[in-house]
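Chains as they are written, first to last, in the working numbering: chain A, 1 to 470; chain B, 1 to 108.
Every clue listed holds true.
When the alpha-carbon atoms are kept at most 25 Å apart in a straight line, the in silico DSS-like pairs for lysine-lysine are as follows:
hint: 1; chain 1: B; residue 1: Lys-24; chain 2: A; residue 2: Lys-266
hint: 2; chain 1: A; residue 1: Lys-457; chain 2: B; residue 2: Lys-91
hint: 3; chain 1: B; residue 1: Lys-91; chain 2: B; residue 2: Lys-24
hint: 4; chain 1: A; residue 1: Lys-465; chain 2: A; residue 2: Lys-297
hint: 5; chain 1: A; residue 1: Lys-340; chain 2: B; residue 2: Lys-91
hint: 6; chain 1: A; residue 1: Lys-404; chain 2: A; residue 2: Lys-266
hint: 7; chain 1: B; residue 1: Lys-88; chain 2: B; residue 2: Lys-24
Since the hints were made in silico from the structure, they are not lab data. If you're wondering where the values come from, they're calculated on a predicted model, not measured in any experiment.
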Amino acid sequence: MTEFVGSQSFIGLIYLIASALFILALRWMNAPPTARRGILAGETGMVLAIGGTLLQLGIEGKLEHIAISYGWIFVALGIGTAIGVPLGLVQMTAVPQRTALSHAFGAFCVTLVGTAEYYLGGTNIPPFKMSVLCCEVILGGLTVTGSLMAAGKLQEVLPQRPITFKGQNLFNLSMLVVAIGIAVYLVRHPGAPHLYPVMVGIALVFGVMLVIPIGGADMPTVISLLNSYAGLSAAAMGFVLNNKLLIVAGALDGSSGFILSVIMSKAMNRSFTNVLFGAFGQVAAAAAGAQEARPVKSASPEEAAGILAAASRVVVVPGYGMAVAQAQHKVRELYDALTKRGVDVRFAIHPVAGRMPGHMNVLLAEADVPYDRLMEMDDINGDFPQVDVSLIIGANDVTNPAAKTDKSSPIYGMPVLDVERSHTVMVIKRSMNPGFAGIDNPLYYMDQTLMLFGDAKVFVSNIVKELGHG
Amino acid sequence: MGTALVDGLFVFMLAGFIGFEVIKRISPLLHTPLMSITNALDAIAVVGAIVLVGRHESKLSFILGILAVIAATSNIVGGFLITDRMLKMFKSSRPNPKTGAAGTPAKS
Numbered sequence: 001m002t003e004f005v006g007s008q009s010f011i012g013l014i015y016l017i018a019s020a021l022f023i024l025a026l027r028w029m030n031a032p033p034t035a036r037r038g039i040l041a042g043e044t045g046m047v048l049a050i051g052g053t054l055l056q057l058g059i060e061g062k063l064e065h066i067a068i069s070y071g072w073i074f075v076a077l078g079i080g081t082a083i084g085v086p087l088g089l090v091q092m093t094a095v096p097q098r099t100a101l102s103h104a105f106g107a108f109c110v111t112l113v114g115t116a117e118y119y120l121g122g123t124n125i126p127p128f129k130m131s132v133l134c135c136e137v138i139l140g141g142l143t144v145t146g147s148l149m150a151a152g153k154l155q156e157v158l159p160q161r162p163i164t165f166k167g168q169n170l171f172n173l174s175m176l177v178v179a180i181g182i183a184v185y186l187v188r189h190p191g192a193p194h195l196y197p198v199m200v201g202i203a204l205v206f207g208v209m210l211v212i213p214i215g216g217a218d219m220p221t222v223i224s225l226l227n228s229y230a231g232l233s234a235a236a237m238g239f240v241l242n243n244k245l246l247i248v249a250g251a252l253d254g255s256s257g258f259i260l261s262v263i264m265s266k267a268m269n270r271s272f273t274n275v276l277f278g279a280f281g282q283v284a285a286a287a288a289g290a291q292e293a294r295p296v297k298s299a300s301p302e303e304a305a306g307i308l309a310a311a312s313r314v315v316v317v318p319g320y321g322m323a324v325a326q327a328q329h330k331v332r333e334l335y336d337a338l339t340k341r342g343v344d345v346r347f348a349i350h351p352v353a354g355r356m357p358g359h360m361n362v363l364l365a366e367a368d369v370p371y372d373r374l375m376e377m378d379d380i381n382g383d384f385p386q387v388d389v390s391l392i393i394g395a396n397d398v399t400n401p402a403a404k405t406d407k408s409s410p411i412y413g414m415p416v417l418d419v420e421r422s423h424t425v426m427v428i429k430r431s432m433n434p435g436f437a438g439i440d441n442p443l444y445y446m447d448q449t450l451m452l453f454g455d456a457k458v459f460v461s462n463i464v465k466e467l468g469h470g
Numbered sequence: 001m002g003t004a005l006v007d008g009l010f011v012f013m014l015a016g017f018i019g020f021e022v023i024k025r026i027s028p029l030l031h032t033p034l035m036s037i038t039n040a041l042d043a044i045a046v047v048g049a050i051v052l053v054g055r056h057e058s059k060l061s062f063i064l065g066i067l068a069v070i071a072a073t074s075n076i077v078g079g080f081l082i083t084d085r086m087l088k089m090f091k092s093s094r095p096n097p098k099t100g101a102a103g104t105p106a107k108s
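Chain B with its partners taken away, still in its complex shape:
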């Protein structure tokens, strides 16, 4: 148990630092999609719930596990879906000048 704890803390510390460095660079433009994708990734808790259901050690753990799988799956599906929908909407005026030559209007 002791080494498992230290191993876990190592992983937590490193992932935390990587998280800080990576997320600091994310443009505020995308903060809403960021929140919805981290939500979907966080729902990886579904693997814990799946193992709980699969082991079927008690009736209670089985039922709680099923409910947990449902909750996490809805986050995975919904989270990725809405993130994708949002990101599809972000368009730049440069490669796709819908409004003709007015994409980058007069600067003077």
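In isolation and in its complexed conformation, chain A is listed as follows:
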């Protein structure tokens, strides 16, 4: 029995079971009722794989040597847990930056293991292994710094505005070409250890350069793309170590990130290359500068409450501004107050609302809004003509009708929520400054639109107070 337990086929079987559990985990994630079962499957697979690996290590290693290694491994697992727990307990509004940070950690692990493998292999690394190893560390390296930059921008430690300079794309492209050139050289001549750090260094700098020209509103696409890179680098690590479980997990993560990036770019009507090399903010700022001040209608919380109370169908459109103002709990109170009066309240969620895929759903779920009230854009767009009031809270570009009509608009062609078809539109906004992308929104000047100026949280709670009196 011990022979079998320590053998390659035993650990292979364990990894096979873990792979199946990982696939089931994602399968069960498809809808809320089964999703928590998915976590259990994922955790079981993880524990099996780690346990099996430790067991095999103990059986094949030398006794006095392995005791020391075990000690260090458990210390490392302990430290990792100590770092992981606070990262798992962050506030829901901080989830985008937490996610970016964990992409960086995952890619960091992969890059370190790849580097160790390179220096262990020395001059004897066969060409195939060397080429996947180069993929692993280049993808891993750029994901580490790219994700750290993204996390910094989301946490607002770094400026959210795109940082651009002349010849940026050419500079970035030539860096990538040099890194790939070094990789090709290393595949043919693995015994050139002085070139290896240069390649990793370029990948790290490339990650920074890739993310600095990207503005806040493009973060959902970038996070998804970095997610995909992290997965692909882990799959490449699986090839280097000839570990099929890693290949499976990496491929699942890679395809997940890829699908999300495609959904995000489609929702913005932009291609990948455009997101990565477009430097969106600049074009937009130029367009906004030409706008003149036009009259808008505004309303007080009392008036807004009156209109909402008289409505029978209300759609709330949340955006990043709701997250910034931490207004989700007040929005839930508004939902409760209106629902109690028999008003049908639903939420229209644009795929790129917020800073990462699904951001708004998580915030509203945190505030106890039932998830069957949260509608996807395609499901609710046809209903807007029957909607009495659309209440926009901290969203801008995703409601901009110019995307449908104005060919000169930088967001022309982007699918948007058809809020202007509802009878009344109310927009909670701090001031008339354009949103993050800096694009003016003609919605605000329409006849049926009322601007509610103020902080989202304060304004919504004033409306709730008014509804309580009446």
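We have chain A already, so just place chain B on it with the hints.
Okay, now just chain B, sitting in the frame of chain A:
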């Protein structure tokens, strides 16, 4: 090495297709938890790092391995924890009508 490569590519191809089919079906409602759970699953790279530490072939590989185990473990623990917290929050209005009869308001 040749067969190992082809085997690996087979696994990668099949897992990629399964990934596409499975993930396509995931409701956009759960895209944030999806990203955090794939993050945790991806940290299975920890097994590679554990083997690196266990073999203790050089001082450098040992130290890099330790750091890699720390980074991956924090992703496993943090990733599963936050996914679970998020999923606990998703409640339907139907089985749990907190707001009384107003769970499914008048449609007319």
